[in-house]
Amino acid sequence: MAKKTYDLLFKLLLIGDSGVGKTCILFRFSDDAFTSTFISTIGIDFKIKTVELRGKKIKLQIWDTAGQERFHTITTSYYRGAMGIMLVYDITNEKSFENIVKWLRNIDEHANEDVEKMILGNKCDMTDKRVVSKERGEAIAREHGIRFKETSAKSNINIESAFCELAEAILDKTAGRESAENPERVVIDRRNNEKAPAYKSCCS
Amino acid sequence: MSQESSVTSEILNEKNKQEVRCRFCNSLMLKEQEGTYESKQFDLPLTHQKNTKDINTIETESLSDFWVINDMFTFENIGFSNTVDKRKFLICADCDMGPVGYHDIDTKKCYVALKRVHHGKEPAKTLTNNS
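Chains A and B supply the protein sequences, listed in that same order. Numbering-wise (my numbering), the first sequence opens with residue 64 and increments by one. Numbering-wise (my numbering), the second sequence opens with residue 45 and increments by one.
To be clear, the hints were calculated from the coordinates, so they are not data collected in a lab. It cannot be assumed that every hint is accurate.
[Claimed, not checked] Straight-line C-alpha distance at most 27 Å; calculated DSS-like pairs for lysine-lysine: (1) K152(B) x K120(A); (2) K75(B) x K159(B); (3) K84(B) x K94(B); (4) K94(B) x K67(A); (5) K119(A) x K158(A); (6) K130(B) x K119(A); (7) K61(B) x K152(B); (8) K152(B) x K75(B); (9) K130(B) x K61(B); (10) K61(B) x K74(A); (11) K67(A) x K75(B); (12) K84(B) x K159(B); (13) K74(A) x K120(A); (14) K120(A) x K158(A); (15) K120(A) x K94(B); (16) K61(B) x K159(B); (17) K84(B) x K74(A); (18) K84(B) x K59(B); (19) K130(B) x K84(B); (20) K120(A) x K59(B); (21) K130(B) x K120(A); (22) K165(B) x K67(A); (23) K120(A) x K75(B); (24) K152(B) x K74(A); (25) K119(A) x K84(B); (26) K192(A) x K165(A).
[To be verified] Sample of chain B residues lacking proximity to chain A, with all beta carbon distances greater than 12 Å (derived): (27) Q62; (28) F117; (29) G142; (30) E166.
For every residue, glycine included, the Cβ atom is placed at its ideal position computed from N, Cα and C.
Assemble the whole structure, with the sequences as input and the hints as a guide.
Here's what the structure looks like:
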């Protein structure tokens, strides 16, 4: 029984300074009513999540840097095969925002050229401690031509939609490639249709 | 209903008759007919370690009923722990509760303990937190 139960598999990475909440984006620990003392001791490596986008069943394999970022030397092996990267900063931490540029350079050096990127300004629930305005986040994203969202892992704001949007962007690329190989297929360019509510069926 | 008969009633064509979900948050882990039943003995660490100070002594529970999944991407939603002794432990992808089973690095197979998950579409009636 070797049938595939999905259409596509996307490997996604979370990158950014220590303490910006990457781990909370992927793993929820502490905030929940229940926690596993055993699992929090050994730590989590990656997760597999299934989303449905445009009738395609997509498996997302999501990895955290597991502390490698402390040395600012995420290695090529970590980036290998990555199709999407979430670049995370903390809106209450100026330095983490400034370092986004460094991370972008690191990605350029090590990751696949056509890796899809997205910047996340995390901890947007902490309004009283905010030091990086949303406008600055949007500006840097525009400058580098990549997507941007403010998120709160703690309050579960925009996390799922961010992953869906990144997955959809990768799907767009994949679809583009498929159409080149298969000219009979009609590919509708949705990029200009400003994100219709396409996420209803997704991440449920 | 005895433990044995409740296990038997979950098996259809040697596979899981119903969906496999998290006992705590109802997150869908595995669709029906995706895991193959296997009876084997394995000492799975308890979700809650009573003695958290000494990480070298892991309290386990002997379990004997598992769903075997050959390809990790068969799961709908699942989390993997860091590796301990050539194994990764499986957890809920949404609430991180677990381990619900383990992944063998050498064989690449995943084993989900029937006792650690909920079977069916409806949420588990009572959330027990004592495994």
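Worksheet item: Taken at face value, is the distance from the CA of K120(A) to the CA of K130(B) at most 27 Å?
Response: violated (30 Å)
Discussion item. Please verify whether K84(B) and K59(B) have alpha carbons no more than 27 Å apart.
Written reply: holds (15 Å)
Worksheet item: Hey, K120(A) versus K59(B), does the alpha-carbon distance stay inside 27 Å?
Response: holds (22 Å)
Worksheet item: Given the hinted pair K61(B) and K159(B), is their alpha-carbon gap at most 27 Å?
Response: Holds, at about 15 Å.
Fill in: Satisfaction of hint between K84(B) and K130(B), Cα-Cα up to 27 Å
holds (18 Å)
Fill in: Proposed proximity, K75(B) with K67(A) (alpha carbon, max 27 Å)
Distance ~13 Å between K67(A) and K75(B) Cα, so the pair holds.
Item to complete: Quickly compare the C-alpha distance for K84(B) and K159(B) to 27 Å and report which way the hint goes.
Response: holds (13 Å)
Discussion item. Check the hint pairing K152(B) with K120(A) against an upper bound of 27 Å on the C-alpha distance.
Written reply: holds (22 Å)
Discussion item. K152(B) and K75(B) were given as a pair; does the straight-line alpha-carbon distance stay at or below 27 Å?
Written reply: Holds: K152(B) and K75(B) sit about 19 Å apart, inside 27 Å.
Worksheet item: Are all C-beta atoms of chain A more than 12 Å from that of G142(B)?
Response: Non-interface label on G142(B) violated, nearest chain A Cβ at 6 Å vs cutoff 12 Å.
Worksheet entry | Hinted pair K84(B) and K74(A), Cα distance within 27 Å | Violated, because 33 Å separates the two Cα atoms, which is more than 27 Å.
Worksheet entry | Given pair status - K165(A), K192(A), alpha carbons within 27 Å | holds (24 Å)
Hints 4, 5, 6, 9, 10, 14, 15, 17, 21, 25, 28 and 29 from the list above are not met by this structure, while the remaining hints are.
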